[in-house]
Amino acid sequence: GESVGLHLPTLSVQEGDNSIINCAYSNSASDYFIWYKQESGKGPQFIIDIRSNMDKRQGQRVTVLLNKTVKHLSLQIAATQPGDSAVYFCAENGRSGGYNKLIFGAGTRLAVHP
Amino acid sequence: DGGITQSPKYLFRKEGQNVTLSCEQNLNHDAMYWYRQDPGQGLRLIYYSQIVNDFQKGDIAEGYSVSREKKESFPLTVTSAQKNPTAFYLCASSRGGAGIGETQYFGPGTRLLVL
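The listed protein sequences derive, respectively, from chains A and B.
Under my numbering, think of the first position of the first sequence as 1, with each following residue one higher.
Under my numbering, think of the first position of the second sequence as 1001, with each following residue one higher.
Worth double-checking, as some hints may not be accurate.
[Unchecked claim] Straight line, CA to CA, 27 Å or less: simulated DSS-like cross-link-like pairs of lysine-lysine:
#1 B/Lys1071 with B/Lys1057
#2 B/Lys1071 with B/Lys1014
#3 B/Lys1057 with B/Lys1070
#4 B/Lys1009 with B/Lys1070
#5 B/Lys1071 with A/Lys42
#6 B/Lys1057 with B/Lys1009
#7 B/Lys1014 with B/Lys1083
#8 B/Lys1014 with A/Lys42
#9 A/Lys56 with A/Lys68
#10 B/Lys1009 with B/Lys1083
#11 B/Lys1014 with B/Lys1057
#12 B/Lys1070 with A/Lys42
#13 B/Lys1083 with B/Lys1057
#14 B/Lys1083 with A/Lys42
#15 A/Lys56 with A/Lys71
#16 B/Lys1071 with A/Lys68
#17 B/Lys1014 with A/Lys71
[Claimed, not checked] Okay, the calculated bits of chain B under chain A, using three or more residues with CB under 8 Å as the criterion:
#18 1010-1017
#19 1036-1043
Worth flagging that the hints you see were computed from the coordinates, not collected in a lab.
On a predicted model such as this, the values are computed, not experimentally measured, just so you know.
C-beta: ideal position from N, C-alpha, C; glycine also.
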C-alpha cells in the first residue's frame, strides 16, 4: 500500500552542523511533497515543498532534494540551531481511499546539542 | 493577523459525553481538515471539507461528526461512540480547488483527555 516513511526516527546533531533528514515514499505517481516542522505541543509548520518536476529546491537554510528514481526525499538544514529541535515529517500528495490526499509520515525527531 | 485558531487548547471529556472542538480560519481558504495525532504516529485524516455545506469522511471518521455552515469555521464533535478519544487534534486549511493533496496550514491543536 501507499506509505511515507522515514529512515531514522531520531537524529542528534551538534549546533552548527548540517542536518539531513530522509524520507522514503512508495507512490511513484505522487507529484507533490511537503516538509513540516512540529515543535512539542504545537501544530505542524510548513517548511518547504517541491513538485515532482524538480530535483531540488532551496529556502532559507533549508534544501529539499527529490530523487524520483529511488522514491526518496530529503531535507537538509544548514548550520543547525537549537531552535531547529523538533519533529520533522514529510507528506506526499497521494491517492488513497478513493481520493487525493496528503499522506504523512510518522516523523523524525531532530535533537540539536550545544 | 491571518491564521488558523483552535480552541480550547486542552479539553477534558467524561465518559459518554460529546465534546466539540472549535476551528476557525481567516485565510479565505475553501478547504478545511481535521486530523488526529497519536504519540509517535503520523497524522490521520478524520474529516475534510472542500467547500461550505459539504464534507467527506476521511480514514478514521467513526465516532466523529463535523459541520461546515460557514467558510471560516469547521467544528469537530467527538461523540461518545469514539471509544479512544485521547489524542492531539489538528485542524488545517488549504486554498482548495486542486483536490486536497495540496499545501495545508495547521492550527495550534487541541489536546483531548478522558477523565
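Hints, verified against the model:
1. B/Lys1071 with B/Lys1057: Between B/Lys1071 and B/Lys1057 the Cα gap is close to 18 Å, so the pair holds against 27 Å.
2. B/Lys1071 with B/Lys1014: 30 Å, violated
3. B/Lys1057 with B/Lys1070: 18 Å, holds
4. B/Lys1009 with B/Lys1070: Measuring from Cα to Cα gives roughly 22 Å; hence the hint holds.
5. B/Lys1071 with A/Lys42: Distance ~24 Å between B/Lys1071 and A/Lys42 Cα, so the pair holds.
6. B/Lys1057 with B/Lys1009: 24 Å, holds
7. B/Lys1014 with B/Lys1083: 11 Å, holds
8. B/Lys1014 with A/Lys42: 24 Å, holds
9. A/Lys56 with A/Lys68: 11 Å, holds
10. B/Lys1009 with B/Lys1083: 21 Å, holds
11. B/Lys1014 with B/Lys1057: 25 Å, holds
12. B/Lys1070 with A/Lys42: Given pair B/Lys1070, A/Lys42 holds - Cα atoms ~25 Å apart, limit 27 Å.
13. B/Lys1083 with B/Lys1057: Given that 27 Å is the threshold and the Cα spacing comes to 18 Å, the pair holds.
14. B/Lys1083 with A/Lys42: Answer holds: B/Lys1083 to A/Lys42 is near 24 Å, not above 27 Å.
15. A/Lys56 with A/Lys71: 14 Å, holds
16. B/Lys1071 with A/Lys68: 37 Å, violated
17. B/Lys1014 with A/Lys71: 45 Å, violated
18. 1010-1017: violated (count 0)
19. 1036-1043: holds (count 4)
This entry does not satisfy hints 2, 16, 17 and 18, going by the numbered hints stated previously.
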